[in-house]
Amino acid sequence: MTDAELPAGVERREIDGETRLATRGPPVYGEPTADGWRAWDPGRSKLGGMFELGFETGLSGGETVLYLGAASGTTVSHVADFAGPTYAVEFAPRPARDLVEAADPRDRLFPLLKDARTPERYAHVVESDVDAIVQDVATRGQAAVAVRNARFLADDGRLLLAIKARSEDVTAAPETVFEGALDRLREAYEILETGRLDRFHEDHLGVVATPR
Amino acid sequence: MSDTDDDAAEGWFASGSPAGTEAAGGDGALRARIAAGEADEPRDWPGLAVDSGFAESRDDYYDRLHEASVTATREAVRERERADDKQLVHAVRAMDDCERTANELAERAAEWAGSLFDGAEPGIEGARAVAERDPDGELERRAVSLAARVVDLAAERDALAETIERTAPAVAPNLAEMAGPELAARLIALAGGLETLAKKPSGTVQVLGAEDALFAHLSGRAPSPKHGIIYTHEYVRNTRPEDRGSAARALAGKLTLAARVDHYSGERRETLHEELRERMATIRARAESGNAGAADDTEGDA
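Respectively, the protein sequence lines represent chains A and B. The numbers in UniProt numbering rise by one with no breaks, and the one at position 53 of the first sequence is 53. The numbers in UniProt numbering rise by one with no breaks, and the one at position 253 of the second sequence is 253.
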C-alpha cells in the first residue's frame with residue numbers, strides 16, 4: 001500500500017485532517033475537497049476499495065477506460081479525473097440522470113444509457129482496444145457481462161471487476177458464488193489477482209484479470 | 001452521409017457532418033444514432049473518424065463525442081423517466097410516503113395535543129380536530145400548526161390516490177381493471193415498470209411484495225409464500241385460507257397475462273376477465289361443496 005502503486009492523478013491527500021485517496025476535478029456528490037482535490041471514499045466505491053487494499057490494478061493514469069455499471073457516476077467521475085477517454089455505461093435512468101451531470105464538466109467522460117449485457121448496442125460508440133474495463137454491475141451473471149465485454153479490451157489490457165455475491169444468489173455462500181464466477185471468467189480472461197473487499201464492501205470479491 | 005461500405009459506416013458518427021461545419025451538438029441524427037445504433041464489434045472509431053473527415057484530430061473527435069453523448073444520454077434519460085408507467089410508480093411511492101409520514105406525525109401531534117388540550121384523539125382524525133382549534137400562546141400555536149401539516153399530508157395522500165385512479169387505467173387498462181388501479185400501480189412499482197412486470201413469470205408476480213418471506217423460504221427457513229401484495233385483492237383475501245393458494249395462483253396468472261396485453265398491445269381484452277371470473281367461481285365452489293382441494297376442477301395457472 002504505497003503511493004507507487006497508485007496511478008498518476010490519484011494521491012493520498014490531507015483532507016479534513018485525514019489522509020485520504022483523492023483525485024482532482026469538479027465535485028460530484030458532496031464529497032469533501034481540499035485545494036481542488038476530491039476525497040475518494042473507498043466505502044462508496046469498489047475501485048477505490050481496491051486501490052486502498054493495494055491491488056495491482058495496472059493503471060498508471062491517462063488510460064482509455066470502459067466503465068460498466070457507472071450508476072450515479074460516483075466512481076467513474078474519479079476514474080475520469082485520472083484516466084484518459086472514459087466511456088460510462090449505465091442502464092437505469094434515475095442514476096444516469098446524475099451521471100450525465102457528473103460527465104458534463106468532464107470533457108473526456110462519455111455517458112451512455114445502455115445495458116452492459118448487450119455490448120452490440122454501444123460497440124458503435126465505444127472504441128476498440130481500451131486499456132481497462134472497470135465493472136461494477138449488480139445483476140445476475142456478472143462474469144458473463146465481463147466475458148461479453150472482453151471484445152473491447154486491448155490484449156494487454158486489464159479487467160478490474162467487483163463481484164457482488166448477493167447479486168448472483170442470495171442464499172448461496174459467497175465463496176461458492178465467487179468460485180463459479182471465476183470459472184466463467186476464465187473463458188475469456190486470465191485471472192491475475194483476487195481479494196475480498198469486505199473491509200469496505202461486504203461479500204464482494206475484487207478481481208484483476210487480463211484477456212487470454 | 002456516404003453510402004460506401006467504408007469502415008467508418010458502422011460508427012455513431014457515420015451520418016455526421018464533417019469537421020468545422022459547426023453542426024456539432026445541434027446534430028439530432030448523431031444523437032439518435034448514439035441512442036439507437038448498433039455495431040457487431042468495436043473499432044478504432046477515433047482513428048476512423050479522423051480518416052473519414054468527421055473530426056480533424058482525435059481531440060476534436062473526443063470533443064464532439066462528449067457533446068453528443070452528454071446530450072443524447074440526457075435526452076434518453078428524460079424520455080425514459082417521463083414514460084407513463086414510471087410516473088405511475090412515482091405517484092404510488094409518493095402516496096405511500098405521504099401516508100406513512102402523515103401517520104407518524106399524527107402520533108406526535110396527538111401526544112403533544114394531549115398535553116395541551118382535553119379530549120385530543122389519536123390518528124389523522126384527531127389531528128383534524130386539533131387543527132381546527134383556536135390556539136392560545138406560542139406552544140399551542142405550534143401544536144395546532146403541526147396538526148395542520150398532518151391534515152395537509154393526508155389530503156395530499158388522497159389527491160395522489162385520485163391521480164392513480166385516473167392514470168392507472170390509461171397506462172395499463174387490463175391490469176387496472178383486473179387488480180384495481182391501486183394494486184395495478186403497486187405491482188408495476190414493485191416490478192420496476194410495466195415492461196418488467198410483463199416479462200415476469202406469474203409465479204414471481206404471485207409473490208411480489210413478499211420478498212422477505214420468499215428469501216426465508218429459499219434459505220430453507222420457511223414455507224413458500226402463497227401471495228405477496230396481491231393478497232390485498234378481494235379474490236385472495238376473501239377466499240377461505242385453504243383455497244387462498246389456488247386463488248393467488250389463478251389471479252397472478254391472469255394478472256401476468258393482463259400486464260403482457262397492456263404492454264405489448266394496449267387493448268382491452270374481455271376474455272381475460274371472463275376466464276378469471278369463471279376460475280374464481282370454481283375455486284370458491286369448493287368451500288360450498290365442503291371438501292378442500294377436491295378433484296372437482298383442474299389445477300393450473302391458466
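Heads up, a few of these hints could be off.
Not everything, but these chain B residues come out facing chain A in the computed CB check (under 8 Å) [to be verified]:
(1) Tyr62
(2) Ala76
(3) Ser115
(4) Phe117
(5) Thr196
(6) Leu218
Some residues of chain A that are not near chain B, with every Cβ distance over 10 Å (derived) [said to hold, decoys possible]:
(7) Gly54
(8) Pro85
(9) Gly141
(10) Ile191
(11) Arg199
No wet-lab data here; the hints were simulated from the structure. Keep in mind it's a predicted model, so treat the numbers as computed, not measured. Where is the CB? At the ideal position from N, CA and C, for every residue including glycine.
Hint check results:
no.: 1; hint: Tyr62; in the structure: holds (6 Å)
no.: 2; hint: Ala76; in the structure: holds (4 Å)
no.: 3; hint: Ser115; in the structure: violated (39 Å)
no.: 4; hint: Phe117; in the structure: violated (43 Å)
no.: 5; hint: Thr196; in the structure: violated (11 Å)
no.: 6; hint: Leu218; in the structure: holds (5 Å)
no.: 7; hint: Gly54; in the structure: holds (31 Å)
no.: 8; hint: Pro85; in the structure: violated (6 Å)
no.: 9; hint: Gly141; in the structure: holds (16 Å)
no.: 10; hint: Ile191; in the structure: holds (23 Å)
no.: 11; hint: Arg199; in the structure: holds (26 Å)
Checked against the numbered hints above, the structure breaks hints 3, 4, 5 and 8 and satisfies the rest.
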